[in-house]
Amino acid sequence: MDTVNNSHKATLDVRGLSLSYGPIQALKDVSVKVEKGRILGIVGESGSGKSTLAKAILGLLPPAAQVTKGSIFFNGESLSSLASAQFRNLRGNKVTYISQDPLRALTPTLTIGDQMIDILYRSSESKAGKRQRIINILDRVGIPDPERRLKMYPHELSGGQRQRVSIAMAVMMKPDLLIADEATTALDATLEQEIIVLLKELQREIGCSLVFVTHHLGVVASLCDEVAVMYKGRVLEQGTVADVFGDPQDLYTKTLLRCDPAGILEKTRRLPVTSDKPDAPILIDPGPSDRVKLSDAPVLSLSRLNVTFSKRPLLGSLFGDVGYHIDAVKSGELYILKGETLAIVGESGSGKTTIARAIIGLQRPNSGSIQLCGQELTGLSPRALKSYRRQITFMFQDPIGSLSPRMRVCDAVVEPLKIHRIDKADYRLEAERLLSLVGLDGAFLDRYPHELSGGQARRVAVARAIALEPQLIVADEPTAGLDVSIQGEVLNLLAEIQDRTGVSLLLITHNLNVVRHISDRVAIMFMGEFLETGSTERIFEAPQHDYTRRLIAANQHPRF
Amino acid sequence: MSRRDSLVAAAKSTGRSGFQRGFQNLLADPMGVFGLLLVLTLVFLAVFANFIAPYDPAKIDVPSKFLAPSWDHLLGTDELGRDMFSRALYGGRVALKVALVSTFAALAIGTFLGFLAAFGPKWLDHLIVLFLDTIRAYPTIILALAVGPMFGAGVWTVIGILVATTIPYYGRIVRTATLSVMQSEFIDAERAMGASIWRITVIHILPNIIGPILILASMDIPVIITAEAGLSFLGVGIKPPETSWGLMLDQGYKFIGRTPWMVISAGIPLIIATLGFTFLGEALRDAFDPKFKREP
Amino acid sequence: MLRFCLHRIVLGFVIVILAISTLYVLVQAAPGDPIALMVGPRATPEMISALKERLGLDQPMPVQIFNFLTGVAQGDLGLDIKTRRPVIDEVLEQLPHTLVLILASVILAAGLGIPLGCYSALHQNSWADRLVGILSVSVIAVPSLIIAIYGMILFAVHLRWLPAIGLGERGNILDQLHHLIMPAIAVGIGWVGYLARLVRAAMLEVLNEDYITNARAFGLPERWITFRYALRIAVAPTITVLGIGVGYMLGSAVFAEIVFARPGIGKMMYDAVSVRNYPVTMGVVLASTILLVAATTVSDLINALIDPRIREAQE
Chain A
1 MDTVNNSHKA TLDVRGLSLS YGPIQALKDV SVKVEKGRIL GIVGESGSGK
51 STLAKAILGL LPPAAQVTKG SIFFNGESLS SLASAQFRNL RGNKVTYISQ
101 DPLRALTPTL TIGDQMIDIL YRSSESKAGK RQRIINILDR VGIPDPERRL
151 KMYPHELSGG QRQRVSIAMA VMMKPDLLIA DEATTALDAT LEQEIIVLLK
201 ELQREIGCSL VFVTHHLGVV ASLCDEVAVM YKGRVLEQGT VADVFGDPQD
251 LYTKTLLRCD PAGILEKTRR LPVTSDKPDA PILIDPGPSD RVKLSDAPVL
301 SLSRLNVTFS KRPLLGSLFG DVGYHIDAVK SGELYILKGE TLAIVGESGS
351 GKTTIARAII GLQRPNSGSI QLCGQELTGL SPRALKSYRR QITFMFQDPI
401 GSLSPRMRVC DAVVEPLKIH RIDKADYRLE AERLLSLVGL DGAFLDRYPH
451 ELSGGQARRV AVARAIALEP QLIVADEPTA GLDVSIQGEV LNLLAEIQDR
501 TGVSLLLITH NLNVVRHISD RVAIMFMGEF LETGSTERIF EAPQHDYTRR
551 LIAANQHPRF
Chain C
1 MSRRDSLVAA AKSTGRSGFQ RGFQNLLADP MGVFGLLLVL TLVFLAVFAN
51 FIAPYDPAKI DVPSKFLAPS WDHLLGTDEL GRDMFSRALY GGRVALKVAL
101 VSTFAALAIG TFLGFLAAFG PKWLDHLIVL FLDTIRAYPT IILALAVGPM
151 FGAGVWTVIG ILVATTIPYY GRIVRTATLS VMQSEFIDAE RAMGASIWRI
201 TVIHILPNII GPILILASMD IPVIITAEAG LSFLGVGIKP PETSWGLMLD
251 QGYKFIGRTP WMVISAGIPL IIATLGFTFL GEALRDAFDP KFKREP
Chain F
1 MLRFCLHRIV LGFVIVILAI STLYVLVQAA PGDPIALMVG PRATPEMISA
51 LKERLGLDQP MPVQIFNFLT GVAQGDLGLD IKTRRPVIDE VLEQLPHTLV
101 LILASVILAA GLGIPLGCYS ALHQNSWADR LVGILSVSVI AVPSLIIAIY
151 GMILFAVHLR WLPAIGLGER GNILDQLHHL IMPAIAVGIG WVGYLARLVR
201 AAMLEVLNED YITNARAFGL PERWITFRYA LRIAVAPTIT VLGIGVGYML
251 GSAVFAEIVF ARPGIGKMMY DAVSVRNYPV TMGVVLASTI LLVAATTVSD
301 LINALIDPRI REAQE
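Heads up: the sequence lines are chains A, C and F, in that order. When you line the first sequence up against the working numbering, it's residues 1 to 560, in that order. When you line the second sequence up against the working numbering, it's residues 1 to 296, in that order. When you line the third sequence up against the working numbering, it's residues 1 to 315, in that order.
Warning: the hint list may mix true and false statements.
Anything over 12 angstroms on all C-beta distances counts as not near chain A; from chain F, calculated [claimed, not checked]: (1) M61; (2) L131; (3) V157; (4) I290.
Stretches of chain A that chain C covers, calculated by requiring three or more beta carbons in the stretch to come under 8 angstroms of a beta carbon on chain C [unchecked claim]: (5) 121 to 127; (6) 235 to 242; (7) 358 to 368; (8) 383 to 394.
Hints in this document: simulated from the structure, not taken from any laboratory. Keep in mind the model is a prediction, meaning the values are calculated, not measured. Every residue gets a Cβ at the ideal spot worked out from N, C-alpha and C, and that includes glycine.
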């Protein structure tokens, strides 16, 4: 049996681990080490093998996965030599886990209390004692009124609360090693910040080691002591966060850091991308100064726009239904000039998507006006509205999901032309022309949406959005779900199209960093209201609202 | 090639539709191939019954009654000396006709009602769902026993009853599927581009639900065939002189004490048909993996 | 939960009332006049109209429906033409036999189908899984009529292992169970296969969920994960299917009762149809419709009990 001869034993020591799924090698000679009480960030883009590594440490890989080489040591003991019962005894006891999606990590048919008591099955404590312990830990992770929550089912809690319950479960046993897989990815920036602070506190209290798997460089910078950078199944470098981020040795790490828009504070129309030379200085190109054309009438203006969702109980009241009333957008005021980029920034539930849906005509506003080039759109009949729809096109959050799954790219791209009966001699040729404008070649014409990567699908969405040569493109979270290196490419593409055609852009996002460079103005939304609107510089340098300040702080991360 | 391998291969190739991929999966599944072969054989035998049948199915030949199966009479002869194999071939015609006509009619009406419920105003939706639930409350066979004699036994009564009781099956599925597709982003995208309701329905919703619904229909065909045979057995289905597998079973059952092989022979075509269609349907579902499940 | 129960039960009542009314209208509209069928071919038009008046069939349709419904609500299903006894009494006499048969089939289907499906899912792609798969699809396919007849020939006539006909000796539970075996298999075996397929698919889906991985990550015993965490969710569709399946089983019970000469509402129905005993056939349809609606309602309620999300999604 393998043993570690060192006088002190690292909590976790992965040595030369190689792992494959059939012919696919998921991990190649991976070595990482976490000393007692330290926090290691494992950072990488999708497909880098970081989640596979986390699952391998926990012994939770599907049966198809095979370790071909190397071993994992936990407190000096080789995990591969453990029988499955012994390994199981380690899990939930000495090693615990916080999973990616708080919405799906808890069993829907058991109450929070039942699930937490189950985890304590090894303890000989009385049921009342266990209950008290659970109440204490829920209180510690910031769940209000924990006694009442015990009887609740997961779906009755908010996303943030569910993630706190997951954390409570993971720290309840005071483990030696805590593994968190993208534990904050699904959360808003301000909430993410709170959870990170909480995790750090809890880790200090217990004195455990923490492995934090993420794609988010900023989170690593603010949480971790050490970082391991992964790419295509390999660990490229491991060291203290200050060393790796301050003076990256590997080319890929350099590129990754360079492409992170949070690291670029000057205004530039062109973000660095992976194909650039990694060592070259970042080009700051503010773009043509006369890009935005001031005119008397803005391209789009909203005034006193209200959208409410409500339901009056009718028959349901017989059975105790009380109905609801939500103000999704409250007296929204907004305008966009020709050639301008405006970003609406807000977290989930702020009403930013509702306002976008109202602009493109998917949501009927309850009152107020939406004017396009001076023409009032509210109250128009669907037939009359159709001709104005040509002037506003939309890019949805999920680029693959917004393409009809049984339609090839060549048809999807020219779909708007067909809808608006714009005749082209050869639609396929037109599709090819549009694709070339967004940097895709003709090989993509016959692909189906599921055969596209996230970045490619986003380009197809851009091609479709420009097919009608609109006045305004509304883009909902144009970089959501994309790796850092691809984000820049998509934003650069939008900027380039704007420079060439003078189209106005309305970006809807929760991420301040990605819109900072491309936007002329920013509007901050919170609980259905615009808190403040101003030039990007003004918002960042002199935020007037407390919430804006918090939002900016949550999006900033320590620099090295 | 295992099913997994074929899936990997299909995922790698580009420009291939879900249909082509599903069909490859089907051919990689031995159960699917088995079902497909049985069904193809059955359809062939039924369509060309008049060429294949060795005897006239209605020809009475009393001296050679109750003959056991032999090379001359593959399934033996009945109490009137008619060749059971020939009768089975013609019975297959009736079974397939009833199955196809009922399935198609129920599918068409059910799809229409499902669309109407999904697109229509809320009150209409509630009304249609209530209507479908009401029809679903009748047990098929028992309803047929009660109502069948009033409308007079025969092919069209059988078809009418089977269509009526199958409509809720399709109506509910089409409604659920349409509502779920309508919630997807690509439908929002179409609406935002200004596409008409017809364009959305015909070009975007229909192609996305028709495949799974056809698979469900193929899984319902053996149920219909069984129901037709059952009703004919009970005397409220197909009437002589037409032939039906259920009638043959009824005949054989009457002589179960005297010559048990007669009812055994009569069951064979029915078993082959239901096995073939069920294996094919299950394999089709596995191969195309529709997102929504069978909702009986 | 209370609200959900109330909602489901009220809906059940509405459906029963609608179903009965629709049936009534359908029967009156049928080309074969039930009254003419009742009185036979030699009746004069005067006799028919006199009978119609006596039965209230000359009144406007809504009044007729209302009268019929109030009659049904008071347990008045008319008189058996042959025996002159109230139909309700006859139905209540026969119904328990059919209920026992269906209950036995449900127990067979759930008791065998759920464990088989669960085992298949836990041993995915093993030879046992493949075997269960092929057998399941086969038993789904073969009609219960065929299973009843072939079973009768093989086990009762040829091997003489099982009794061929009847309910069994009155008061002798063992003998009655012995007589129940073949009919219950004929009605329920297809459902064993169906449930096995269903549970297997549902289990595989649930076992892939994040919350199962999470439960494993906390080292919970595999037995808990299988039963307490996964199976509980995976059986939900099974319960819905069984609820609706009662309708199909009622149909299969007709065949089983005929083949095995077993008393029950199916056999009663068959006998009544052949002699055009119209009030009895209507009585059986009503009883079985109510039974089916009750079964689907109960299955909905059980589902809501298992999965808290269902009772809230219901709106």
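Report the numbers of all earlier hints that the structure fails to satisfy, in ascending order.
Of the numbered hints, 5 and 6 do not hold.
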